[in-house]
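Go by the hints and put chains B and C onto chain A.
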Amino acid sequence: MVRSPGHIIVFLLLAQCVAAKQIIVCPGCPIVSVNEAIKVAQHGDEILIRSGTYEEYGIVIDKQIKISGEKGTVVDGLNKGEIFTVIADHVEISNLTIQNVGTSYTEDRAGIRIRKSRNFKITSNRLINTFFGIYLEHSSYGKVAGNFVEGEAEEEMSSGNAIHAWYCNQIEITDNEVRNHRDGIYFEFVDSSYIKGNLSEENLRYGLHFMFSNDDNYFQNVFRDNGAGVAVMFSKNINMWDNQFIMNWGKSSYGLLLKEIYDAEIVNNRFQENTIGIYVEGSTRINYRNNDFVQNGWAIKISGGCLDNAISQNNFISNTFDLSVRNNKNKNLFDGNYWSSYTGYDLDKDGIGDVAYRPVKLFNYIVDTSPESMVLMRSLFVDLVNFSEKVSPIFTPKNVIDAKPHIRPFKRKAI
Amino acid sequence: MIRVKNIYKSFDRNEVLKGLNIDFKPQSVTAVLGPNSSGKTTLMKALLGMVLPDKGEIWIDKLDVRKESDYRKLIGYLPQIARFPENITVRELFEMISKLRNAPANSETLVDYFDLKPFLNKRLGHLSGGTRQKVNIVQAFMFDTPYLFLDEPTAGLDPLSLIKLKDLINAEKKKGKTILITSHIMSFVEEMADEVIYILDGQINFNGHPRQIISEYLANSLEEAIAKVLHGLPDIGQKNGQQNTRSTIIRSFKKENIDD
Amino acid sequence: MIRILKYSFFDLMRSRWTIVYCAFYGILTLALFGLNSDISKVIITLMNIVLTLVPLIAMIFGVIFYYNSREFVELLLAQPIKRKEIFIGQYLGVAFSLSLSLLIGLGIPFIFYGILSSTEIFNYLTLLLVGVMLSMIFAGIGFLIALKYQNKIKGFGIAIFTWLFMAIIYDGLFLLLLAIYRDYPLEQFSLFAAVLNPIDLSRILILMKLDISALMGYTGAVFQKFLGSQLGMTIAFATLLMWVIIPVSGINYISKRKDF
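Residue numbers (the working numbering), protein chains in the order written: chain A, 1 to 415; chain B, 1 to 260; chain C, 1 to 260.
Just chain A, same shape as in the assembly (with noise of 0.2 Å):
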């Protein structure tokens, strides 16, 4: 079927003219349960339920309707299967609180979910204790708003994600508050979408998962105290600005990874206290600009078979260790950024330090082969180590060089 946006306005249009009535549902009323309500519904037709606990689940929206709740309108699942499964076109659904789907070895719940539709609208609605909280497939043209979804995940591998996008296309994520789930937003095969201003903390895994998406842009998130902030991997121009990346500790965990990616601009980010802030691996054409990385562990860490990365204009600002490159055989370009651990002058006062600046240190090799040096961070031994490498340099990299380290750092409007 082949539809063009005059079909659609005109489908509209008509839907709107024939039957544009409003099914209420409430407990005294004539109609107690919203399953009953969408049998009776028209397309076009809205459903208002008022406010109170309905026990029901299993609810298939086959019509093009939209379904909104008052203030204290609850939709139990009683933890024995899905709640909402959408199949029709522009359907809406908003204000309502929906829980405990219950957890299943054998199929994917989902409190919301939406298959084979497009122009759907989730808006302002709560998910507590839903499997997987709001799960899209084969779907496009819907957006997702202002939705709170909140799991109850303890293990990876028996959980769901909070906002679930699988083979979808030109889809809007935003101002969400997503948490405790396996990932906060999960993408695979999503092109084309954006995401933006959602809170997504306190996931197992990721805060945020791209897999073979392209041409997506996600800003204006917060990504804070997750398994890891954000996984991008295998896509191809992902575009990600004024993010912040922050508490994403662990053993390896990063604020953000890089994995077979290509193209993608990495601006006005701010990473702090993370483990690992951004970490790379089989990377290419990446452009990391004006990001601040402060007080993580590793601002940057470079692993293999990463090309053409250039990474200017950032603030590093009391983290750790600035830079770990596993390989140095990678070029990758540094230019022109503030490091707070430089210590070179700046004789002609141009702001623009006189010595170049090598954000590799001696220990950092130390550190990756026997990890248990760590405790000795900080240590005069370690000075002393360190400084006879930055006087003659042996093992640390010696193409690994911002040669324009800027004296103070860039000032940066609040994200």
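It should be emphasised that the hints constitute simulated quantities derived from the structure, not laboratory data. Ideal placement from N, C-alpha and C gives every residue a C-beta, glycine not left out.
Straight line, CA to CA, 30 Å or less: simulated DSBU-like cross-link-like pairs of lysine-lysine:
#: 1; chain 1: B; residue 1: Lys18; chain 2: C; residue 2: Lys84
#: 2; chain 1: C; residue 1: Lys209; chain 2: A; residue 2: Lys411
#: 3; chain 1: A; residue 1: Lys413; chain 2: C; residue 2: Lys41
#: 4; chain 1: B; residue 1: Lys177; chain 2: B; residue 2: Lys25
#: 5; chain 1: B; residue 1: Lys99; chain 2: C; residue 2: Lys258
#: 6; chain 1: C; residue 1: Lys84; chain 2: C; residue 2: Lys152
#: 7; chain 1: C; residue 1: Lys82; chain 2: B; residue 2: Lys67
#: 8; chain 1: C; residue 1: Lys209; chain 2: A; residue 2: Lys251
Derived, one-sided and incomplete: chain A residues facing chain C with beta-carbon distance under 7 Å:
#: 9; residue: Glu273
#: 10; residue: Asn274
#: 11; residue: Thr275
#: 12; residue: Gly297
#: 13; residue: Ser318
#: 14; residue: Thr320
#: 15; residue: Glu372
#: 16; residue: Ser373
#: 17; residue: Leu376
#: 18; residue: Met377
#: 19; residue: Ser379
#: 20; residue: Phe381
Far from chain C by the CB rule (all over 10 Å, computed), these chain B residues:
#: 21; residue: Arg3
#: 22; residue: Arg13
#: 23; residue: Lys18
#: 24; residue: Asn36
#: 25; residue: Pro118
#: 26; residue: Asn121
#: 27; residue: Asp158
#: 28; residue: Lys166
#: 29; residue: Asp167
#: 30; residue: Gly176
#: 31; residue: His184
#: 32; residue: Ser215
#: 33; residue: Ser221
#: 34; residue: Ala227
Below, chains B and C alone, put in the same frame as chain A:
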């Protein structure tokens, strides 16, 4: 009552005291004499509990020196080298010692007596050796203690102060105090001491009243008598048939102690 | 003990060197703020200085103070005071005056630059606490060394070597061992080795504040447990306290058996 029973003390391999026994005569001035490094100061320090004997017992007024510290309330001590904390003043020193001992001090009279008033507010580091010794004397005498231990009290004193010191010692003796002195100035000892004990080879070599010693050794002064003791004792003894006298002194002394 | 503490404390607080020491930290901190007004950067620089210099200076102070007060100690020993009170009191006097100088020297500039309303206040407090602990520990070690070695040159030599060893050589050997045996699990060993050296331990306490993000990147479970929990902090502080107690009981032990 000070009683020293069979004390031994060695520093490294150097045996200083080897089974020394003595009861100090109460209410009199006893001078402890002996050649350099014979153990005079060691004995005095042992009495104060500063040197810990390897063996033996010391009792002061029935208090065991090895176990107690309170008995030192009974003792005024004048150390050999008077060096004090440099940053405090003379007045503060007196106040401090008085507070440390928790006892009233009679420092004003003694300060006047030794003309120390002008120095009261001076820091100890700025004083001359003689003045420091006077300060040292004041701090030793300023408590009304039944025992006074004076290690080289005359060091650095001018003649006038020396006379004052002697008067002071005599006055204290009259009050019935037991005073121990070490000194190299034999005239001073001869003048002041009621009893002399001579330490040699880690033991009491002899003891007695200075005049008694002088007469027994047919000397003109204590100094000469001691010189004779040290150098020509056997000869003198044989010539004068007085070997017995010396041994009598020692023997009687030893006997006395062993009998206890 | 309080009396002795008070006297040595006030004696030292008036001493030129204490004032120089205090002024040194004050000027240093002000200079660092002059170069860079970022409080966290100043704290990191100061941490390096505190970890290196405080042990050295505290130890030297301990040694000098003991050697300089030897005669005064003799005077004290003659008073009715227990040895323990004299030496522990003196030690505490040194340790407190050093700590106070450090607190004043580091404190005033920081207050001036607004530490009280800064988010760095806990890092700063950790720095101060560690500085005080190191002062206590190394003043004690210095005092102990001086008490043990009568010979000043020997005493100073041993003190400086002790510092060199703990501040640099120890870490060098440690790193060498880690490099040689890197194929073995060394997690427990390295924690143990770090805890054994008070300088390393203090450093780790500060790291746990400043570099926790990096420390959490280490994979070992024991490490995670130690560094990431209240338990680690508690053990670290308990061990530091033990490090204060060791030299203090050493002082007590040696002073009880020493002749003066």
